[in-house]
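> Protein chains in written order, with the numbering used here: chain A, 1 to 233; chain B, 1 to 72.
For the record, the hints were derived by calculation from the structure and aren't laboratory data.
Treat each hint with caution, since some may be false.
As the list claims (entries may be wrong) - To give an idea of the chain A side of the interface with chain B (calculated C-beta under 10 Å), a few residues:
no.: 1; residue: A21
no.: 2; residue: G23
no.: 3; residue: M24
no.: 4; residue: A25
no.: 5; residue: I27
no.: 6; residue: S28
no.: 7; residue: I40
no.: 8; residue: F42
no.: 9; residue: L50
no.: 10; residue: T63
no.: 11; residue: C69
no.: 12; residue: N122
no.: 13; residue: T212
no.: 14; residue: D216
no.: 15; residue: N219
no.: 16; residue: G223
To be verified - What follows is a set of in silico ranges between Cβ atoms, one per label pair, in the way DEER data are often shown:
no.: 17; chain 1: B; residue 1: A25; chain 2: A; residue 2: S35; range: 19 to 27 Å
no.: 18; chain 1: B; residue 1: M1; chain 2: A; residue 2: N59; range: 16 to 24 Å
no.: 19; chain 1: B; residue 1: D68; chain 2: A; residue 2: L50; range: 53 to 61 Å
no.: 20; chain 1: A; residue 1: A44; chain 2: B; residue 2: I17; range: 21 to 29 Å
no.: 21; chain 1: A; residue 1: S77; chain 2: B; residue 2: E33; range: 26 to 34 Å
no.: 22; chain 1: A; residue 1: G64; chain 2: B; residue 2: E15; range: 18 to 26 Å
What the hints assert, rightly or not - Which residues of chain B face chain A? A partial, calculated answer using Cβ under 8 Å:
no.: 23; residue: M4
no.: 24; residue: L5
no.: 25; residue: G7
no.: 26; residue: E24
no.: 27; residue: A28
no.: 28; residue: K49
By construction, the Cβ of each residue, glycine as well, lies at the ideal position given by its N, Cα and C atoms.
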Amino acid sequence: MSGIISDNLGRGSGLVKAASAGGMAVISTANITGSAVSEIAFDALFDDTLYRAYKIIGNLKPTGSAYMCIRFNVSGSAVSSDSYTGTQTVTATQHNASGAISYHWGGSSAKYPSPASTPYNNKIGLGTGSYNFGNPIVKQHSREYMNLDFTIFPDTTGTGNTFDSTVMGNLTYGHYGVTGDGNSCHYGTATISHSGKFWGRQLSRGVVTGITLYPDAGNWDVGSNIILYGVKR
Amino acid sequence: MKKMLNGQLVEMTAEEITAKADDEAKSAAETAEAVAQQDAEAAILATNKANAKAKLIAGEALTEAEADTVLI
Chain A
1 MSGIISDNLG RGSGLVKAAS AGGMAVISTA NITGSAVSEI AFDALFDDTL YRAYKIIGNL
61 KPTGSAYMCI RFNVSGSAVS SDSYTGTQTV TATQHNASGA ISYHWGGSSA KYPSPASTPY
121 NNKIGLGTGS YNFGNPIVKQ HSREYMNLDF TIFPDTTGTG NTFDSTVMGN LTYGHYGVTG
181 DGNSCHYGTA TISHSGKFWG RQLSRGVVTG ITLYPDAGNW DVGSNIILYG VKR
Chain B
1 MKKMLNGQLV EMTAEEITAK ADDEAKSAAE TAEAVAQQDA EAAILATNKA NAKAKLIAGE
61 ALTEAEADTV LI
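Taking the hints into account, I'd like the entire structure generated from these sequences.
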């Protein structure tokens, strides 16, 4: 360990040992207080000369039943055109009133590059959707926090396919059953785990400058809190 | 309506608000489509199961879809 003490990149003041190679540095923190927000975005913070990867860790709670969507930013704005592909594995465990496991479900889904007649997704979705990404009865209940642990490897160098970004991560949902559905269950009685690899491919949209997380409906509620970390080179 | 950018609250533009409304409408339609499809599949399964039971009792031949419902 060297004797150099310097400001941590994630802190505005104070004497903190800077993260060494392989360590994680706080880049930015999003704390939702006061009133809900429509989205949480981190932009113009990626720096490949400093970080080899990025992690987003925290808790998000929607104001109403919703699932999380992700878009990459280019030139400061989230790309909303059909550009995203990916695969995902989903497992679900449901419990009955006595706590016993009453239902197991697992499966994988994918959205690959395909003919123009079947467009790419316009977002990375981790819930329902017309294309894939899981059990269509699943949404995050507004009384529960979803626990985020994402690792991101954005290509911000501008070389090759500049939209060939990758997001990998795990996400746990509380289970929300859609009214009338046979697999519906009460809040708190089941869990859903998502894990997958997501990326933009072939459709170059420009150098990725950031990432935007938003619920498919409503807002991120007060109490939501996520942190963007950089994994030091 | 506000969003959070790099930890700071930012007022959304009119265009961003419109885009959010469009996204929500599309998502609602996708959800309705997915739920309807799942409901339809569940209804078909229930029908096949009922038919399979009736045919087994009557000693009649089952279709493949009906047989699938009674195989464990």
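> Measuring from the C-beta of S28 of chain A to each C-beta in chain B, is the shortest one below 10 Å?
5 Å, holds
> The hint names I27 of chain A as touching chain B; please verify it with the least Cβ-Cβ distance against 10 Å.
Constraint on I27 of chain A satisfied, holds at 9 Å.
> Does the CB of D216 of chain A sit less than 10 Å away from some CB of chain B?
4 Å, holds
> Go ahead and decide if the range 26 to 34 Å is satisfied by the Cβ distance of S77 of chain A to E33 of chain B.
28 Å, holds
> Under the criterion of a CB-CB separation shorter than 10 Å, is N219 of chain A in contact with chain B as hinted?
8 Å, holds
> Does K49 of chain B meet its interface restraint, that is, does its C-beta lie within less than 8 Å of any C-beta in chain A?
13 Å, violated
> Close enough to count: is the Cβ of I40 of chain A nearer than 10 Å to one in chain B?
5 Å, holds
> Could you check if N122 of chain A really has its C-beta closer than 10 Å to a C-beta on chain B?
8 Å, holds
> Are D68 of chain B and L50 of chain A spaced within 53 to 61 Å by their CB atoms?
For L50 of chain A against D68 of chain B, whose Cβ atoms are near 56 Å apart, the range 53 to 61 Å holds.
> Is the shortest C-beta separation between C69 of chain A and chain B less than 10 Å?
Result: holds, 8 Å to nearest chain B Cβ.
> Measuring from the C-beta of A28 of chain B to each C-beta in chain A, is the shortest one below 8 Å?
7 Å, holds
> Is the hint on A25 of chain A kept, meaning its closest Cβ partner in chain B is under 10 Å away?
With Cβ-Cβ at 15 Å, over 10 Å, it is violated.
Checked against the numbered hints above, the structure violates hints 1, 2, 3, 4, 9, 10, 16, 28; every other hint is satisfied.
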